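**Student:** Those protein sequence lines, which keep their order, are chains A and B. For the first sequence, position 44 matches number 44 in our numbering, and the numbering has no gaps at all. Here our numbering runs 1000 ahead of the position in the second sequence, where the first position is 1.
These aren't lab readings, by the way, just hints derived from the structure by calculation. Note that the coordinates shown come from a computational prediction; the quantities given were computed from them, not determined experimentally. For glycine and all other residues, C-beta sits at the position ideal for the given N, C-alpha and C. Check before you lean on any hint, since a few could be wrong.
Simulated restraints on C-beta separations [stated by the list, open to error]:
1. A:Q58 / B:R1486: 46 to 56 Å
2. B:L1081 / A:V40: 43 to 53 Å
3. B:R1040 / A:R34: 17 to 27 Å
4. A:G39 / B:R1090: 54 to 64 Å
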Amino acid sequence: MAGSDLFTGSLDLLILKAASWRPMHGYAIGRMIRHWADGVIPIQEGALYPALHRLERQGLLEEEWGISETNREAKFYRLTPSGRERLRDETARWKAYRRVMSAALRADRRPQVA
Amino acid sequence: MRRPFRFGPRAADAPEDVRREIELHLELRTREFEEQGMSREEARRAAEAAFGDRREIESEVRSLRGRTVRTLRSRRWFDELRQDATLALRGLRRAPLFAVVALATLTLGIGANVAVFSVVRSVLLRPLPYPDAHQLLAVWTDHRSRGRAEPEWFSPPEFIDYRDGNRTLSGLAAYSGWGPNLTGNGDPEMLTGGAVSWDFLRVLGIAPALGRDFEAADDHPGGPPVVILTDALWRRRFAADSGIVGQAIQLNGEPWTVAGVLPPEFRSPFPWQILRPLRRPVPDPCNRGCVTLRAFGRMRPGVTIEQAHADLVTVAERLGREYPDEHGGVKPWLIPLQHQLTGPVRGALVALMGAVGFVLLLACVNLAGLLVVRAGGRLREFGVRAALGAGRGRIVRQLATESLVLAVAGGLLGFTAGTAGARVLAALVPPNVRLVTDVSTDLVIVLFTIAVTVVAALLFGLLPALQGGGTGLMSVLRSAHAESGRRVGRMRGGLVVIELAIAVMLLVGAGLLMRSFVSMQRADLGYRTEGLLSVAVTFPRSRYPDPGTAVRAIEGLLARAGAHPEIRTIEATDQPPLAGGGDQDIAVFPDGRALAPGDRAPGLWYRTVSPGYLRLMEMPLVAGRLFTPDDRQGALPVGVLNEEAARQLFPDGNAVGRILTTGLDSTAARITVVGVVKTARPDGPLEPVKRELFLTLSQFPARGVVLMVEPAREAAGAVRAVRETLRELDGEVPLARVSPVDELYAGVTQLPRYFAMVVGAFAVAALLLALVGVYGVMAYAVSLREREIGVRLALGAAPGGLVRWLVGQGARLTAAGLLIGVVAAALATRVVSSMLYGVSALDGVTFGAVTLLLAAASLTACWLPARQARRVDPVEALRGE
C-alpha cells in the first residue's frame, strides 16, 4: 500500500487527535495533519482514507452526515467514546516514549549503569 | 452544521459514497492549490498527484466500507432490539393487570401442552427400556380365517416350529403365567410370576445383576429347578441378601434354587416378581390344539417387520399343510412390542394432545384479543412515530418484540407449570396402565416448549403487529378514535366467536367422555359385582398331588367357611370375571358328531365353578337348571352353556339335554348340557361377548380358584373368617389378591374415567377463557359507546331497554360462536367415537346441554358489563370525548 514514513499507528493517532475537537470530513483532517507535518515528513495524502475507514470499522470513529463547504452532502467523522479513550491512552504512551528517547539521546557522556 | 436526515448506511451505497468522498477531497485540494496561484488544470493535476493511486485506494476503501456498513447495521439492529425489549418490559410493568392476565393465559396454554406432551412422550414415544427395542415384536397367531377376531396364543409344538423354522428373528421367546405360593421365611404369599423359555431375558437384552441367566439345560423337565427373582422381590422378601444366589426357596412346597436376581432398573413388560424356565414335559400333554404360550421375538438387525412377517408366513403355511386341523389357515400376527404394550392408551392420548392443542389456540386467540385492544389504544402513538420517520417495518418490529417478550415470559412460566403439571398427570394415571415410566424433563421437552411458544407467539402476535404497522398518519389526524375503536371491536368480536366455538368443541368432547364413562359404570354386565369379595387361593401340587384332593380341600373350605357367621355365601371359580385375560378354551363337538369336511370344531370358553356359583353371581337362568351338589365326581358330567353358545352350537333349538364331547374318540369327555344362562360380559363392557361353558369343580378339578365371598356383615370380618378357615385346613396355603369385585370393575373403567377427568378439566379452562373473552368484548363495546349511551339516556331511553339492546349485540356473537362450534364439534367427535361407550358421537343430550350452558354463561358474561350502561351519566358522557 502506498505508505509514508509515518508508522500506521502514528497516522491513526494523528487522525484521532484531529477529529477530537469537532466532527470533520476527510479532507479537513488531512489538511490538519499536513499542517502538523509541516513538510518535514512527506505524506501520501490518499493513504488517509483507508486509515479513516479502518478506524471507523474499529468503532473509534463514527460517521455523521453533514453539508460541506461545496454545499454538498458529505461524510464527517466524529470521535466515539472508545475513540476518545484510545486517544488518551495512546497519547500517554507517546509521551512516555518521548521521555525515554529524549533522555537516552540527549546524553553526551556514557551514562553510569548501576 | 446543518445535517440532513439519513437513516443509516446501506451496503448498496458503498461504492457511490466512497467515490463522492474522494471526489470531495480532490475538489477541495484543487481549490487549495488554486489559492496558491496555480491554474485550475495545474491545481487539479497537483491534487491528484499528491493523492496517490486513486483507483487502488478507492477499491481498498470500498471493501473496507462494505464490511463497516454490515458491522454497523447489525450493531444497530441489536441496539434497537434491546431498546424494544426494554420498552416492552416497561410497558408491561405499567399495565400490571394486562400483564397478569396475558401471562396467566399463556402459562395455561403452553403449560397444558407441555404437561400432556411429557406424559404422551414417556408412554408412547419413548422406546421401551431394552436395547434396540425397535427390533422387539409381540408374536401371535392369526386365527381370523377361523372366526377368532383377536390375536391367539401358541401351542407348545407350534411355538417350537416357529422358533426353529424362522430365518429373520434372532430369538423367539415364550412365556406363560405362574402363580406359586412362597413359603418359608415369613407369611406365605402368592406371587405373580412367569414361566419363560430359557432365552427370554436374552431376547429382551437384559442380564441378571446377580448370579446367572437361564440356560438351555434349565428348560427341560428333568433340569434343575431354578428361578430368577426381580430386584423388588429380592429386597422385600430376602432382605437384599446377595448370598441368596445358589440357595433354595420354597415354592408350592418344593425347593427351587435361586439362579440370579434382576437389576433394579429392569422394567418387566409384565408385572412379574419371579421367573422360572418353562420346563415343558416331553411328550407335552398340551398338544397342537392347546394354546397356552405367548411369545415375543427380536428381529435380526436390518430386518423389517414386513420381511419378518413374510418369513413367518412360510412357516405357517408349512404347518398348515402338515397339520390342517390345528393350523390350517392360521397365519402369524406381528405387533411391535411397543404398540402391544401401549395399545389401549394410544388413541386416547392422541385425542388428549388434540384437546390441549385447542386449549392453546383458545388462549392465543384470547391474548390476541387483548393485544388488539391494547394496540388500538396506542394508535396515536404509532401515528406519531410514523410521522417522525420510523418506517412501517420498524413499528411492526417493535410490536413483534413486545409479543416476543410476552411469549418468552409465558414460555418460561409455561415450562415450569407444565413440568409440574406433567408430574401430577402422571401420578393420576391409573396404576393398571403400566408403562408410564418416570416423566422426566429433558432436552426434548425444552425443545417442544420452545416450539409451542413460537407457534403461540405467531398466533397471538401477528394480528396486533400488522394492525399497528398499518396505521397511517392520516387516520390519526382524522381523530378517528371512535372509528378505529369500532374496527378493533369488530376484530375482537370475530376472535371471540372463534373462542366460543373452541369452547363448545372441548365441552362437547368432555361431555361425551363423561357420559360414556357413566354408562360404563352403570352397564349391566350380566352378573353381580356389588357386595362381593374375590380371594385367590391355590392348593399346590406338592401337597395335593392328585387334583381330586385339591378339589376336596376346596369343597371343605367352602363348606366350613360357608358356615361361619361372618360369611353369608361363599363360592369358587377357577376363572373369575374381570380378571383381565388368560381365559381357557376348548374345542367341542356338538352331539358328539363328526364335522362336515372343511368345518372347524367350535371353541368354547370354559370355567369350572362350585355348585352355587351361578346363583350367587345372579346369572339368570333361561332354560333347564343350574348346578346342584349332586353334580359331582362319579355322576353324569354336566355343563351349563350361555345363550350365545347354545344358539350357535344348537341352532335348531333346545340345548338342554344335548351332549358335547371334547373329541371324537371314546376317551373324550362327554358333557350333558343341563341348563342355559343369559349371556354375560365377563371381561367388562367394552369386550365382545363370548360363547361360554360352565363346568363343576368336582367333575373338572382345578387347583387354583378364586373364592367369591358375600360377607354377612362387613368385608374385613369375612376375609378374616376365610383366612382362619383356610389356616385350620392347611396352614401352608396362603390367600392372595383380596379385592372387592366392584373395585375390579372400577379397574376396568379407570382409564376412561381418567381421560374424562382430564378433558373435563381442559374444557372447564376453555370455558372460563372464552367467558373472559366475551366479557372483555362487551366491556370494551360499552366503553366505546359511552357517548352514544349517554345520548340515548338523555333522550329518554329506558335503561333496561338499553341493557337489553347491548346484550342483544352480545347474543349475536354468542349465537355465531355456538353455531360454528356445534358444527365443528359434530365433525371432530367422530375422531373419538371409538372410545365412547353407550353414547353416540352425535349425542343430542350432550350437544344440547353444552349449547344451553354456554349460551347462558355467555349471555351472563355479556349482561354484567352491559349493566354498567345504566350507570352512565349522560352529562359526563356527552361532555367528555
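**Student:** Against the structure shown, which of the earlier numbered hints fail to hold, in ascending order?
**Tutor:** none
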